[in-house]
Amino acid sequence: MRQITWSQAVNEAIAEEMRRDPTIFLMGEDVAEAGTPFKVTSGLVEEFGAKRVVDTPISEPGFVGLAVGAAMTGTRPIVDLMFGDFIFLVMDQLANQAAKQHYMSGGKLEVPMVLRTNMGATRRSAAQHSQSLHALVAHIPGLKVILPSTPYDAKGLLKTAIRDNNPVVVFEDKLSYQMKGEVPEDEYTIPLGVANILREGEDITLIATSSMVQVCEAAAQSLEALGISAEVIDVRCVVPLDEATLVESVKKTGRAIVVDEGHQSYGITSEIVARLNEKAFYYLDAPLTRMGAMDVPVPFSPALEDITVPDAPRVVAQAQKLLQRGAA
Amino acid sequence: MAHEVIMPVLGMNQDTGIIAAWGKEAGEYVAIGDVIMEVETDKAIQEIEALEAGYLSQVKYEAGAEVPVGEVIALLTEQPEAVSDSEPKPEPTPEPTPEPTLPTPETKAPEPVASSPRIGAKILASPKARRLAEERGIDLIRLVKAGKTQPFRAADIVEMPADREQSGMSSNRSRLCARIDASRFNTLCDWLSGDMPELERVTILAVIAAGAYRFSLEPEALNPFIVEASAVAGSLLYADPDLQGFANLRSSSDTDHANLLVREMIGSHIVSVSLDDDAPLSILVFGNTEQIEFELSFDESLLSAPQAVGLANEFAARLLEPMRLLL
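Residue numbers (our numbering), protein chains in the order written: chain F, 921 to 1248; chain Z, 60 to 386.
No wet-lab data here; the hints were simulated from the structure.
Worth double-checking, as some hints may not be accurate.
Using 30 Å as the maximum straight-line C-alpha spacing, the simulated DSSO-like pairs for lysine-lysine come out as follows [said to hold, decoys possible]:
#1 F:1100 - F:959
#2 Z:102 - Z:207
#3 F:971 - F:1020
#4 F:1171 - Z:204
#5 F:1171 - F:1241
#6 Z:204 - Z:181
#7 F:1172 - F:1241
#8 F:959 - F:971
#9 F:1028 - F:971
#10 Z:83 - Z:119
#11 F:1199 - Z:181
#12 Z:204 - F:1241
#13 F:1172 - F:1199
#14 Z:102 - Z:83
#15 F:1100 - F:1079
#16 F:1172 - Z:207
#17 F:1079 - F:1020
#18 F:1241 - Z:207
#19 Z:207 - Z:181
#20 F:959 - F:1079
#21 F:1199 - F:1171
#22 Z:181 - Z:102
#23 Z:207 - F:1171
#24 Z:102 - Z:204
#25 F:971 - F:1079
#26 F:1241 - F:1199
#27 F:1172 - Z:204
#28 Z:181 - F:1171
#29 F:1199 - Z:207
#30 F:1241 - Z:181
#31 Z:181 - F:1172
#32 Z:102 - Z:119
Looking at chain Z on its own, in the form it has when it is part of the complex:
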């Protein structure tokens, strides 16, 4: 079967992404984890790894093209270019699109060196302004867009809110990804929903994540520990969900500040996310019925790298052996 390669959502306010460069050529074999392309947003260039293996086929856009998020860019097929139009494609081919390549007119002319495109000319800023921008995670492009006069000075930076407000891509946010077998977790969900049909999968994940947090980090002062469980249907806040038991689980409405955000996207087309969260710590869970992937995203001020690894390992272990932990 063929797998779709789509333009991923890399930022909350992102409508389109630019294919900065293709990591593979049409017809080339792509293994899981290979860099299939580089996507440029207004914040950064990110390498996109293949989540499925296959031959890169039906490449619809060339490097430099700006593509709406979620749009199918190419397919990964079992045979090189064997796929014809008869292959099932849920997404209709975008007919009204004028040209396969859509370089944006003014500033983003695709450069000959596709791997390192730069937006516009060099931004003029004082050394102090640059240092402050870096310390505060502010991209100078934002000041350009805000129409500030160059060269930028320290005062221009101080006036800008930090990038955290706009994007999760700020420099002091770190990420950690893991992939695990989904079967035991599926069993747990089936078993729980037998007794409690209204129990959402995301709620189960929130309970497991809260338990993993409490176990691996042994926080001294967290009362209560607020977890936000967010899925397509909406989101709910829970206070100390891991201490309540599934049957008695009550969402809490008198608090609004989550310590941990659990966002569940299993079964969706999303393969990589970098959303903007208020929560200092978030776990994004996606994948399918066979494999669960999750991404732990945290403020470096909150967790050290070893702590984050510990938490991710504990969460993974609990997803792999959920029944044992419940007992």
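The following block holds chain F by itself, in its conformation from the complex:
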């Protein structure tokens, strides 16, 4: 199968959907001529023109609010938010408007918009451009949150998100855009809320999101060399969450580490651990554990930045600890 980069996969997803549905348009800072800082949308303005690929002023609340209104009145905007850290600027538009219209109108209004943004540290971008804030969005009922880990998933999940009739927020790891992966030329979509078991194992389940999936796959390989069989599950979508797949796996292995790049406290890992505890308690042979980013602003110092994010050696060490006598 052909190998393409994440950027190309996302670009294809947007282009294919825009060809299919003329009500879809793309909007954001530097999406047209510049093709975004990550060159994800390059070439789209040439094909679809400046009316459907719209460069906006540097005013996130303005253009996201505009997108919510446009979505409520018959179009399907895809909004590009250059950095995930800017989500704080658009929280009113997102949480108070987009997430609530369908509920508050008694189901009469729909907000079929997609907000594409990014996450992830270790790009030496310092504390205001390195955050992983998907947990904040996942906390708000009415917003779906997807976290792809491969070019294949990025394309398939984005196409489904674009077709969804209510707001979906996509967080892509900003180090993944040059990642290559197999993506078929034929059209496909991936349903939201279906986790992906990447590797089957018996002793421990490593549950991961976004780039932490690669961290856990590497950890599982190291663990195999140590005689420990780890199951790796890519959550893919935190809202809706494929709870059943996670619970089934943990019932089988009796142990789990949930790895996510958001801050550990009050985060995605805590939520997943809590749900597993409720649904699989009597199958647990060790405490469920979380591994998130350290509860500090992401440091600019590369040496310090790297240790704030979970990595494979630390996942391996934690897994060994749980298998020995299960200290939390």
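The hints should help you fit chain Z onto chain F, whose structure is shown.
Positioned in the frame of chain F, the structure of chain Z alone reads:
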């Protein structure tokens, strides 16, 4: 006359029992069936019911004491505390015993709430390990004794043999007790031993039990039905004893796996038993020349509760009217 209250044998490997709590106070009247005390073994706490009535007298041990099995703990007398030392006592008073109360030193310090003493601190085990232990009838105390590192994990449980190997107190073993008048059965025994002096009482019970089993449960595939007849003198195995007739009864030696164990203890001091049997089904018969008591003990996987009740009723009916059934 005075009746002795002894420390009962509640498990095969049990040498002593702890009086967890007294159900009655010294001098209080005890009716048959009243809980006279609670006895703690390393497996469980069991309520011990009085088999005789009387005033609780000469209480030799306080709650918390560890007492060898068979030891006389107190007497049940016709008059409250009227009994003096002149009352006949077959058991000599245990003089060398240092103190009337014998709390074991390390782990079993008697707690202020005597009714719910716990051994040691809380045992740490994973939820999965606890669930497996419960499913398999394994007491976590055994893992503590085996020196396993806590918290226990599922693998620690899987490595342990089930408690069934050690004690009959596992959770999926059920019991059913009955008490009946012994006179007709005594008549039968007298009559049979007239012709066959070597015929043991336990063998007669085994034949009756086998017949009751076949009649009440109508088993389709049991060939042959092996009954082990066990008494103080020893035990013998019989294949289909109820189909052979007393005169032709032959013990069978080429088989070792009994379907039913009949253990006879009539006339002994034993008043309650919970022995560890290989047999999936056992009937323990004790009592005296006036009253026979028996305890039907069965694997829940083998018999349902209604089936067990049916079998116990049939066995009781046959003991009450043995002659009619023989005819």
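Verification of the supplied hints:
1. F:1100 - F:959: 15 Å, holds
2. Z:102 - Z:207: 18 Å, holds
3. F:971 - F:1020: Holds - the C-alpha atoms of residue 1020 of chain F and residue 971 of chain F are around 28 Å apart, at most 30 Å.
4. F:1171 - Z:204: 29 Å, holds
5. F:1171 - F:1241: With a Cα-Cα distance of about 19 Å, the restraint between residue 1171 of chain F and residue 1241 of chain F holds, given a limit of 30 Å.
6. Z:204 - Z:181: 14 Å, holds
7. F:1172 - F:1241: Holds, at roughly 19 Å.
8. F:959 - F:971: OK: residue 959 of chain F and residue 971 of chain F at ~19 Å, within 30 Å.
9. F:1028 - F:971: OK: residue 1028 of chain F and residue 971 of chain F at ~28 Å, within 30 Å.
10. Z:83 - Z:119: Between residue 83 of chain Z and residue 119 of chain Z the Cα gap is close to 14 Å, so the pair holds against 30 Å.
11. F:1199 - Z:181: 25 Å, holds
12. Z:204 - F:1241: Distance ~25 Å between residue 204 of chain Z and residue 1241 of chain F Cα, so the pair holds.
13. F:1172 - F:1199: With a Cα-Cα distance of about 13 Å, the restraint between residue 1172 of chain F and residue 1199 of chain F holds, given a limit of 30 Å.
14. Z:102 - Z:83: Status holds; Cα separation ~23 Å.
15. F:1100 - F:1079: 19 Å, holds
16. F:1172 - Z:207: Satisfied, since the Cα-Cα distance of roughly 24 Å is no more than 30 Å.
17. F:1079 - F:1020: Status holds; Cα separation ~23 Å.
18. F:1241 - Z:207: Holds. Residue 1241 of chain F to residue 207 of chain Z sits at ~17 Å (cutoff 30 Å).
19. Z:207 - Z:181: 15 Å, holds
20. F:959 - F:1079: 19 Å, holds
21. F:1199 - F:1171: OK: residue 1199 of chain F and residue 1171 of chain F at ~9 Å, within 30 Å.
22. Z:181 - Z:102: This hinted pair holds, its Cα atoms lying about 15 Å apart.
23. Z:207 - F:1171: Satisfied, since the Cα-Cα distance of roughly 24 Å is no more than 30 Å.
24. Z:102 - Z:204: 12 Å, holds
25. F:971 - F:1079: 21 Å, holds
26. F:1241 - F:1199: 23 Å, holds
27. F:1172 - Z:204: The given pair, whose Cα atoms are some 29 Å apart, holds under the 30 Å limit.
28. Z:181 - F:1171: 25 Å, holds
29. F:1199 - Z:207: 28 Å, holds
30. F:1241 - Z:181: Distance of about 23 Å is within 30 Å: holds.
31. Z:181 - F:1172: 27 Å, holds
32. Z:102 - Z:119: Distance of about 24 Å is within 30 Å: holds.
In terms of the numbered hints stated before, the structure departs from none.
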